[in-house]
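Colleague: Sequence:
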Amino acid sequence: MASQRDIRRRIGSVKNIKQITRAMQFVAASKLKRAQDATLASRPYSEKLDEVLADLAAVLGGDDHPLLSEPVGGKRLIVLITTDRPLAGPLNTNIVRFVARDIIDNPGDVSVITVGRKGRDAMRRTGVPLDAHFATFGDRPKFADVLPLARLVTDGFLDGTYSRVDIVYSLWVSTLVQRPTTLTIMPIQPASDTESGIPGNQFIFEPSAAVVLEQLLPRYVATRLFQTVLEAKASEESSRMVAMKNATENAQELIEDLTLSYNKVRQSNITREMIEIASGANAR
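Counting with the numbering used here, you get residues 49 to 332 for the letters of the sequence shown.
Some hints could be false.
[Claimed, not checked] Below, computed lysine-lysine pairings styled on DSS-like, alpha-carbon distance capped at 27 Å:
#	residue 1	residue 2
1	K63	K79
2	K312	K79
3	K66	K293
4	K190	K79
5	K96	K190
6	K81	K293
7	K66	K81
8	K312	K63
9	K190	K81
10	K312	K66
11	K96	K293
12	K96	K81
13	K66	K79
The set of hints was computed from the structure by calculation and includes no laboratory data.
Let the sequences and hints guide you as you build the complete structure.
Modeller: Below, the structure written as structure tokens:
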């Protein structure tokens with residue numbers, strides 16, 4: 049049985065850990081609010097841009113722009129978005145398992161570009177070709193941060209290196225739910241119907257569909273990447289906040305158990321000393 053000193057030392061260690069996890073929980077909660085607001089604010093613009101591009105793709109064809117046609121002979125590119133920092137609960141494990149299962153279920157020539165150290169390390173262990181790596185974009189991602197990545201994947205698609213570009217990221221659903229998701233951004237898929245029920249080819253684009261397409265395409269890929277980065281950031285802070293909350297509660301339970309053990313050992317020692325004193329007195 050552990051001594052009183054050992055148990056007391058362990059209680060002190062667990063209390064220190066509890067203070068750290070509690071502080072991390074509050075920090076994650078404050079960052080989550082900011083990330084959540086940014087994610088929800090940008091969703092309508094991103095979704096509307098998707099809708100307009102899909103309508104344009106329904107009007108035009110692959111001959112009008114290479115982003116609308118699938119290159120022959122290229123490989124599939126997966127842009128995997130994870131975190132740089134640990135202690136984010138099961139978030140990174142879930143998304144790495146998700147992308148690994150995706151690669152197994154869809155065999156073929158695949159390359160990966162990672163955003164976040166956790167994804168990079170996981171892909172290196174699997175042996176999947178890693179074309180590039182980007183660090184995450186901090187606690188407050190900016191649109192300009194994703195432009196180099198957007199140019200890289202767009203150029204790779206246009207020169208035929210990639211025949212398809214998918215983003216795998218954690219979709220923020222709620223504080224308790226973050227869902228691994230795959231989003232195909234190239235080639236752009238035509239929409240059969242819009243939300244209003246009107247087929248895309250019944251819209252009139254001014255001055256022309258081709259001109260509108262040329263204006264929107266430079267922003268399209270960057271906008272979709274930026275939205276997924278925001279979703280991933282909100283998911284990270286949600287998962288970290290919940291993980292630290294659970295760790296704090298577990299630490300409190302452990303402190304209570306250790307305190308009970310400490311009191312039992314203390315009571316046992318007192319009882320033993322009293323018996324020894326009584327035995328010594330009787331012996332005299």
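Colleague: For every hint, state whether the structure bears it out.
Modeller: Here is what the structure says about each hint:
{"no.": "1", "hint": "K63 / K79", "in the structure": "holds (24 Å)"}
{"no.": "2", "hint": "K312 / K79", "in the structure": "violated (43 Å)"}
{"no.": "3", "hint": "K66 / K293", "in the structure": "holds (10 Å)"}
{"no.": "4", "hint": "K190 / K79", "in the structure": "holds (15 Å)"}
{"no.": "5", "hint": "K96 / K190", "in the structure": "holds (20 Å)"}
{"no.": "6", "hint": "K81 / K293", "in the structure": "holds (16 Å)"}
{"no.": "7", "hint": "K66 / K81", "in the structure": "holds (23 Å)"}
{"no.": "8", "hint": "K312 / K63", "in the structure": "holds (20 Å)"}
{"no.": "9", "hint": "K190 / K81", "in the structure": "holds (17 Å)"}
{"no.": "10", "hint": "K312 / K66", "in the structure": "holds (23 Å)"}
{"no.": "11", "hint": "K96 / K293", "in the structure": "violated (36 Å)"}
{"no.": "12", "hint": "K96 / K81", "in the structure": "holds (24 Å)"}
{"no.": "13", "hint": "K66 / K79", "in the structure": "holds (20 Å)"}
The earlier numbered hints that this structure contradicts are 2, 11.
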